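Fit chain D to the known structure of chain G by using the hints.
If you read the protein sequences in the order shown, they are chains G and D.
Numbered according to this note's numbering, the first sequence spans residues 3 to 340.
Numbered according to this note's numbering, the second sequence spans residues 27 to 341.
Some clues are possibly wrong.
[To be verified] Derived pair list, reagent style EDC-like, types lysine to aspartate or glutamate, alpha-carbon separation capped at 16 Å:
| # | chain 1 | residue 1 | chain 2 | residue 2 |
| --- | --- | --- | --- | --- |
| 1 | D | K214 | D | D204 |
| 2 | D | K214 | G | E111 |
| 3 | D | K215 | G | D106 |
| 4 | D | K231 | D | E251 |
| 5 | D | K214 | G | D106 |
| 6 | G | K257 | G | E246 |
| 7 | G | K162 | G | E147 |
| 8 | G | K86 | G | D150 |
| 9 | G | K327 | D | E297 |
| 10 | G | K284 | G | E222 |
| 11 | D | K215 | G | E111 |
| 12 | G | K327 | D | D306 |
| 13 | G | K284 | D | D204 |
| 14 | G | K248 | G | E222 |
| 15 | D | K215 | D | D204 |
| 16 | G | K86 | G | E147 |
| 17 | G | K327 | D | D296 |
| 18 | D | K240 | D | D228 |
| 19 | G | K327 | G | E258 |
| 20 | D | K214 | D | D197 |
| 21 | G | K247 | G | E198 |
Rather than coming from a laboratory, the hints here were simulated on the basis of the structure.
Just so it is clear, the structure is predicted and the values come from calculations on it, not from any experiment.
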Amino acid sequence: MTDRTPIDESQPVGDGGRPGGTTAWRRSITELGTQMDSYYGRPIVKEPVWQPEIPFYFWTGGIAGASSVLHGIARLSGNEQLAKRSLLIGAAADVASPLLLVSDLGRPERFLHMLRMFKVTSPMSVGSWILLVSGGASNTAAAMELLDPLPLVHALRPVKWLAELVSFLAGPPLATYTGALVANTAIPVWSEARVELPWLFGASATATAGAAAAITTPAENAGPARRAAIGGSAAALALTFAMEKKLGFVGEVYKEGAAHRYGRMAKVATAAGAGLLALGGKRSRTAAALGGALVLGGELALRWSVFKAGFQSARDPKYTVVPQKQRAAERERGGAST
Amino acid sequence: MTSTGVKGTAEPTGSPAAWPDTYGEEARPRMGFFTDTSICIGCKACEVACKEWNLIPEDGRVWTGESYDNTSHLNANTWRHVAFVEQRKPLHLDGDTVTLTEPGDGQPEPLRWLMESDVCKHCTHAGCLDVCPTGALFRTEFGTVVVQEDICNGCRYCVPACPFGVIDKRDLPRSPDDAPLLMDMLGKKEDGRVWKCTLCYDRLKGGHEPACAKACPTNSIQFGELDELRERADKRLEKLRTERWNGARLYGHDPDDGVGGFGAFFLLLDEPEVYGLPPDPVVPTAHLPQLWRSTALAAAAMFVGVAAAFVGGRE
Numbered sequence: 003m004t005d006r007t008p009i010d011e012s013q014p015v016g017d018g019g020r021p022g023g024t025t026a027w028r029r030s031i032t033e034l035g036t037q038m039d040s041y042y043g044r045p046i047v048k049e050p051v052w053q054p055e056i057p058f059y060f061w062t063g064g065i066a067g068a069s070s071v072l073h074g075i076a077r078l079s080g081n082e083q084l085a086k087r088s089l090l091i092g093a094a095a096d097v098a099s100p101l102l103l104v105s106d107l108g109r110p111e112r113f114l115h116m117l118r119m120f121k122v123t124s125p126m127s128v129g130s131w132i133l134l135v136s137g138g139a140s141n142t143a144a145a146m147e148l149l150d151p152l153p154l155v156h157a158l159r160p161v162k163w164l165a166e167l168v169s170f171l172a173g174p175p176l177a178t179y180t181g182a183l184v185a186n187t188a189i190p191v192w193s194e195a196r197v198e199l200p201w202l203f204g205a206s207a208t209a210t211a212g213a214a215a216a217i218t219t220p221a222e223n224a225g226p227a228r229r230a231a232i233g234g235s236a237a238a239l240a241l242t243f244a245m246e247k248k249l250g251f252v253g254e255v256y257k258e259g260a261a262h263r264y265g266r267m268a269k270v271a272t273a274a275g276a277g278l279l280a281l282g283g284k285r286s287r288t289a290a291a292l293g294g295a296l297v298l299g300g301e302l303a304l305r306w307s308v309f310k311a312g313f314q315s316a317r318d319p320k321y322t323v324v325p326q327k328q329r330a331a332e333r334e335r336g337g338a339s340t
Numbered sequence: 027m028t029s030t031g032v033k034g035t036a037e038p039t040g041s042p043a044a045w046p047d048t049y050g051e052e053a054r055p056r057m058g059f060f061t062d063t064s065i066c067i068g069c070k071a072c073e074v075a076c077k078e079w080n081l082i083p084e085d086g087r088v089w090t091g092e093s094y095d096n097t098s099h100l101n102a103n104t105w106r107h108v109a110f111v112e113q114r115k116p117l118h119l120d121g122d123t124v125t126l127t128e129p130g131d132g133q134p135e136p137l138r139w140l141m142e143s144d145v146c147k148h149c150t151h152a153g154c155l156d157v158c159p160t161g162a163l164f165r166t167e168f169g170t171v172v173v174q175e176d177i178c179n180g181c182r183y184c185v186p187a188c189p190f191g192v193i194d195k196r197d198l199p200r201s202p203d204d205a206p207l208l209m210d211m212l213g214k215k216e217d218g219r220v221w222k223c224t225l226c227y228d229r230l231k232g233g234h235e236p237a238c239a240k241a242c243p244t245n246s247i248q249f250g251e252l253d254e255l256r257e258r259a260d261k262r263l264e265k266l267r268t269e270r271w272n273g274a275r276l277y278g279h280d281p282d283d284g285v286g287g288f289g290a291f292f293l294l295l296d297e298p299e300v301y302g303l304p305p306d307p308v309v310p311t312a313h314l315p316q317l318w319r320s321t322a323l324a325a326a327a328m329f330v331g332v333a334a335a336f337v338g339g340r341e
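With the rest of the complex left out, here is chain G (with noise of 0.2 Å):
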């Protein structure tokens, strides 16, 4: 006998609506053996409440920390092209993502709060440092760059170099850390994941950095940019599979609504520009541009799935429950037999 009539589970789920539960009253997950009750099919935890600006931002940080790297070791090799190319886009991005971050927040006048202190248990307050840093040295360096036909500007070189060393090695924190911020959460998708996505995100930022500079630099000195951009896409595209696959039952948002439908874009489109720059990057200009820009969009297409999937993963209370049921019953199976 169920305590309940069950609710209408071929309600359409809304996308950006809260509150909304899609869990019906009482369900059986026979797969995993158990039946769960839930509040009237309410979440438990709260979905985010970051708006686009948070994902365009991953991508944009993505864009600015894995620059700084290429930047600075096409410095080192002598790819002075290169080097050029990249320090300016880093710079450019790095510009972009604070003020998308100043737009997200809900009292945006008060941005400067977040530098009031420097907390290791907040990534985002962490975040917040490597960005000030980041941000300045590249743009310090990429400014003295443009100006550097100014007698002046030109004496002062070992400061470019010193704001060039502080770009490069605070570059790859930037781009991986927003993983390490979205997995800090209690939302299952994005918790359960915390190993892979710091990962996913460094491979996502190498890609879209690589591309940018393949777009923007000529083919006889793009060479690096390319094989970063493949070399990124590749890991990127073999990280999502890896992480769907263990996430396993907490992993299914990645298989509906808006976080598969980006999810899917972001393979096809990775994949697709890695190989049109694999294969015609360095005889056609055309192809390089093309392929660049389908792997910055499939890439940002990526950041948005797994935005959009911590939204789904919060919406369902089965998502929450089932987990730490399992949890908590492989406790006591152990404790009990100790």
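Same frame as chain G, but now just chain D:
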């Protein structure tokens, strides 16, 4: 009871960060709630008293059509929420219960109503507080967790970081009391900050009990020193078990659980998820060492990966 692995990570002492040590002589005993749902009558006086005292704005008049509960969940404008569940389950295990006879088959069925006044748990290891980048969320001298509304910049990181879905962003228009904006461009029309239960920090400072506990007519909401409340709850549970109440259990009173125990804990009559509560909550920052290790390794791998792209020449 085994430890869930929280100890030794975020806050190794097992007591709330910044309390009582940082307060020195100003530290007070840790205060909290024991919400005994077995004597809740669902009157919602707590919801009303909370709104009145804390000047919380109205948050829409929604008719859910699913129960006597039209509030549905805790959010920025609801800091006490009375859950209401109607069950075909006996109230007592020995069959002593209200029964209901369906027209037609004539078989009597057991019936009970569960009511639970939900509130912020004021966790020992609070996810919201841990992730707050501005320090707007802080631990008071009473060991409770409070948002400083003049500091919060509306980053909303705390919203998905709460394992209970308590704290939320307020979308309502700014209060006229707020300081005027220097530039319209830099401001937003809505409040934009996050809000939650303060355990009536202002009333506590004045030596009063929180508004909800004061208004509760059955003493379902009990306020006091946490240590004493835990003892009281143990005795109450023992009594209910002797009386064979169906499903009686304490929720959140164990300092070894995933959030180090709640400052506001509960006596429930069914599984936590029946009331919309997570069955085994863990503070997100419990995984912090693993998370930062993975991030550092991924960052290091980026240096190696990009350097590898330079093998094979310029073209």
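Hint check results:
1. The straight-line distance between the Cα atoms of D:K214 and D:D204 is roughly 12 Å, inside the 16 Å bound, and the hint therefore holds.
2. Pair hint D:K214 plus G:E111 holds up; C-alpha atoms about 9 Å apart against a cutoff of 16 Å.
3. At most 16 Å may separate the alpha-carbon atoms for a hinted pair to count; D:K215 and G:D106 meet this at roughly 13 Å.
4. Between D:K231 and D:E251, the direct Cα distance comes to roughly 14 Å. Compliance with the 16 Å bound is thereby established for this hinted pair.
5. This hinted pair checks out: D:K214 and G:D106 have alpha carbons roughly 10 Å apart, not beyond 16 Å.
6. Restraint check: the Cα-Cα separation between G:K257 and G:E246 comes to about 9 Å, which is no more than 16 Å; the hinted pair holds.
7. Restraint check for G:K162 and G:E147: the C-alpha separation of about 8 Å stays at or below 16 Å, so the hint holds.
8. The straight-line distance between the Cα atoms of G:K86 and G:D150 is roughly 12 Å, inside the 16 Å bound, and the hint therefore holds.
9. For a cut-off of 16 Å, the pair hint linking G:K327 to D:E297 stands: about 10 Å separates their Cα positions.
10. A threshold of 16 Å between alpha carbons decides the hint, and for G:K284 with G:E222 the separation of about 8 Å falls inside it, so the pair holds.
11. Of the supplied pair hints, the one linking D:K215 and G:E111 holds, its CA atoms being roughly 12 Å apart against a limit of 16 Å.
12. The straight-line distance between the Cα atoms of G:K327 and D:D306 is roughly 7 Å, inside the 16 Å bound, and the hint therefore holds.
13. Note on G:K284 and D:D204: the hinted pairing is violated, with a Cα-Cα distance of about 59 Å set against a maximum of 16 Å.
14. Our distance criterion of 16 Å between C-alpha atoms is broken by G:K248 and G:E222, whose separation comes to about 41 Å.
15. At roughly 11 Å between alpha-carbon atoms, D:K215 and D:D204 fall within 16 Å of each other, so this suggested pair holds.
16. Between G:K86 and G:E147 the CA atoms are separated by roughly 8 Å; this keeps the pair inside 16 Å, and the hint holds.
17. Our distance criterion of 16 Å between C-alpha atoms is met by G:K327 and D:D296, whose separation comes to about 14 Å.
18. A C-alpha spacing of about 14 Å is found between D:K240 and D:D228, which places the hinted pair at or below 16 Å, so the restraint holds.
19. Between the alpha carbons of G:K327 and G:E258 the distance comes to roughly 23 Å, so the proposed pair goes past 16 Å and is violated.
20. Only pairs whose Cα atoms come within 16 Å are accepted, and D:K214 paired with D:D197 is accepted, the gap being roughly 10 Å.
21. Between G:K247 and G:E198 the alpha-carbon distance is near 11 Å, which keeps this suggested pair within the 16 Å criterion.
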